[in-house]
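> Read off the chains here:
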Amino acid sequence: MLELSPIIKSLWRNKTGPLLIIIQLALTIAAISNAMFVVSERMAKIDRPSGIAEQEIFTLWMRQSSPGIDLQAVIERDMTIIRSTPGVIDATPISSLPFSGSGSSAGMRKELAERAIIYQAANYEISKHGLNSLGLNLIEGRNFYDDEVIFFERDNAPQNSVVIISQHLAQEIFPDESAVGKTLYKGAMPLTVVGIVEQMVSPWSDSDRFNHAIFVPTIVKEGSINYLVRTGKDDRYFIMNSLIEKLRALDNTRLVVDENTMEKIKGKSYADDYAMIKILMVVIAMLILVNALGIFGLTTFWVNQRRKQIGIRRALGSTKAGIMRYFMLENLVLVIVAALLGTVLVYLNSSYMVRTYGASLLPWYYIPVTTLFILIVTLAAAFSPVRRASLISPVEAVANV
Amino acid sequence: MWKYYLRLSWLSLCKTPTLSLLMVLAIATGIAANLTILTMYTVISSNPMAHKNNEIFAVQLDSWDPDREYFALNGVPPQLTYQDAKALYDAEIADSVVIMRKAGVTIQRPESTELPAAYSSRMTTRDFFTMFDVKFVYGGPWSKNSDNGPERVVIIREGLSNKLFGNENSLGKTIFLDGEVFTVVGVVSEKWQLVPNVYDLNNNPTEAAADVYFPFFLVNEKSYQNWGNMNNWTNFRTSNYAEFLQSEVIWIQAWVSLDSPETHQQFSRFLENYISQQKQNGRFQRPAKYLLNTPEQWLDIHKVVSDDNKELLILSFVFLIVCLVNSTVLMLAKFLRKAPEAGIRRALGASRNSIFFQHLTEAFVVGTAGALLGLIFSWGGLAGIRSLYGHYENVATINSVTVMGAVLLALAATLLSGFLPAWRISHSAPAKYLKTQ
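Chains A and B supply the protein sequences, listed in that same order.
Following full-length UniProt numbering, the numbering of the first sequence begins with 1 at its first residue and continues without gaps.
Following full-length UniProt numbering, the numbering of the second sequence begins with 1 at its first residue and continues without gaps.
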């Protein structure tokens, strides 16, 4: 550590270069720790549990527009065919798909009174095969009974029904007691809670009510419906393609399209987050590269500029390791000063983001981790030129350069 | 002199090829990253209707729940109920009124055995086409009669026309739209695409324009499949379609053009009267509120420029600065090493200015090379953006902003990264170096 004082003195004498490097490194540390934080936040968002058997599900969209057709009969016929296909675990008609970005949301109330609190939740209309098809875990109560599943015309809506709700919603509405057996109102329609599933997500991945969902067994008989099919993981694509052909062959006046696996729907739902993650990763990689190349180029030049001094120090008895230590310490000093400046920058930016966009504050450990990483990168980049410096022979000190 | 400096710069750069390459690369990556993000940002934050910013207005009426305000945006519903939209249209006070919604229809050619396919469509009134400067390849907007009839006429997009009828003029041809016969009266150019889609920001603001347009008031005849948003706050349950049309569900977008301040006043007065009259009927129980938003305000309310966009823009500038500082440091190191050379030239009578400009020329060469390379890199960057964001195909393309940006950034890069080193070298004392020679 004896060398620290001469290092600082020599850096101070030629302020401009070191100062610029410090600015560069400080901005880099600030930008990388910030970007890493955003990346980790987005990854956590994508990794949230959905409760559904994502890898075993695919969906189709069926639209039957010919007049005079009973959609219930069509759906029930299709379901029989799908469920009897080898490899299919279960299937259900469903009004909208989790992660798809489109669907309906229902305002639920505990009482019918106008001024009652409204709890918004994603609204799924399914058959009694719904829970099994989605792969949901029923933690309380029961599934729908056969006679509870009602297909209805828009003009002839059922007056009441039953409902299965997600645990998040149940805990929000009934924090201290079991929700099973209670009555909720969807608009003016009373619904009796018969079951609670551990986890279910809404169609909107950006929603702050992502985990709040209800299932009702009332299916409206209007032009189109989604079919959700659960199969084994391995033969999913094969079954999907053969089923489309089978369903299309039954009736060539209808549409059977939009075949999608659940992962694909989910991937699309997070497309913007994936894009942000990738862009930030590329920027981080480029920042590291630019810095590494910069440090490499600069150290090479510094070393060349100081060949004579190095030679003199070698002649006066400095070891090769000593020379290397000197330059590495120099780098360390620069990175540490840069980290201090970077910390200030990060917190200015982070507190601005908190105030303006309601982002969360950057956790402190991102900065030391990034600093350590940048230190390793700069030391690695400087290693080869510094090694060459240590090989300068003492003879250069006396030679006339 | 300029040519001489250029030659000196070239020689000097060739003498240190690795370092020169590093400097050029640093500037190029900085400029490329910045241009890529900047292009995306300028497009997404632009207002394609800026030239009509004081003429056309999106209408908001607060018909929402008396107990709580609308849950998003500025607290006022962004869409209207059918009865309110119809009232605006029937009043005939605004210079033109556009009421519309996004629907999904199936389309099939008559006499075709092919299966029908689903397309995104816009049910609208005829003034949509003039209000939003729609470009036609064939035909034009339908007539007022078609609006009020309503008649089964349809305007289709060029791509769909070519798909259905080959590359010929499809005016007067008929198609099956949801099983009914419609006559084609116009073909919209593929080139017409507002980015962002000011007129309907409920959905993705950068999604492609509709494939099909047909008269709005056909909604009276049947419920076309809804591909837009519908929101409702009432307990009241609609048991049939007629009741739905009279309900408090909001699902229609409304725009008006108000060409003069007088019309603007008149229209505002009409809205005030309308709201107080509706209040007597028991509707509009919240404090009376309506808003006429310019396209710019509309884009702003819908936060079309996301926080992600802003964050990336800041980051891209930080990245550019890092790259420029990096290149400055390298240049400084290089110039200082050449200090003895400059010392001799000074001793031989070169002025400080000429030393300064000679080195600035070298920086200029590096900056220009970096900018050109950066422009090429950003081409790749934009292709990357397009593949990452599925809905940005209209956004991430090289445009005049990108090219202008490249030129300006090259100048900035030269000045920022070259000025300091050139100044340092031109101000070092020549005597010091002469002594050591």
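Possibly wrong hints are sitting among the right ones.
As the list claims (entries may be wrong) - In silico EDC-like cross-links for lysine to aspartate or glutamate, where the CA-CA straight-line distance does not exceed 16 angstroms: (1) A:K264 / A:E56; (2) B:K222 / A:E222; (3) A:K278 / B:D308.
As the list claims (entries may be wrong) - Here are a few chain B residues that face chain A, going by a calculated C-beta distance under 7 angstroms: (4) D62; (5) G179; (6) S239; (7) N240; (8) N273; (9) I275; (10) V322; (11) N326; (12) L330.
Hints were generated in silico from the structure; no laboratory data involved.
Cβ atoms here follow ideal geometry from the backbone N, Cα and C, with glycine treated the same way.
> Can you verify the interface hint for B:S239: is its Cβ closer than 7 angstroms to any Cβ in chain A?
With Cβ-Cβ at 5 angstroms, under 7 angstroms, it holds.
> Please work out if B:K222 and A:E222 have their alpha carbons no farther apart than 16 angstroms.
holds (12 angstroms)
> Tell me if B:L330 is really an interface residue toward chain A, meaning its C-beta lies closer than 7 angstroms to one of theirs.
holds (5 angstroms)
> Does B:N240 pass the interface check with chain A, least Cβ-Cβ distance below 7 angstroms?
holds (4 angstroms)
> Taking 7 angstroms as the limit, does the beta-carbon of B:I275 come near enough to a beta-carbon in chain A?
Hint violated; B:I275 Cβ to chain A Cβ min 21 angstroms, cut 7 angstroms.
> Sort out whether B:D308 lies within 16 angstroms of A:K278, counting only the CA atoms.
Within the cut-off at roughly 13 angstroms; holds.
> Per the CB criterion, is B:N326 less than 7 angstroms away from chain A?
holds (4 angstroms)
> Quick check on the hint: B:D62 CB to chain A CB, less than 7 angstroms?
violated (18 angstroms)
> Going by Cβ atoms only, is B:N273 closer than 7 angstroms to chain A?
Not OK, violated: B:N273 not within 7 angstroms of chain A, min 28 angstroms.
> Given a cut of 7 angstroms on the nearest C-beta pair, is the interface hint for B:G179 held or broken against chain A?
Holds: closest Cβ of chain A sits about 6 angstroms from B:G179, inside 7 angstroms.
> Once the shortest beta carbon distance from B:V322 to chain A is found, is it less than 7 angstroms?
holds (5 angstroms)
> Quickly compare the C-alpha distance for A:K264 and A:E56 to 16 angstroms and report which way the hint goes.
holds (12 angstroms)
Going down the numbered hints, you'll see the structure goes against 4, 8, 9, while the others check out.
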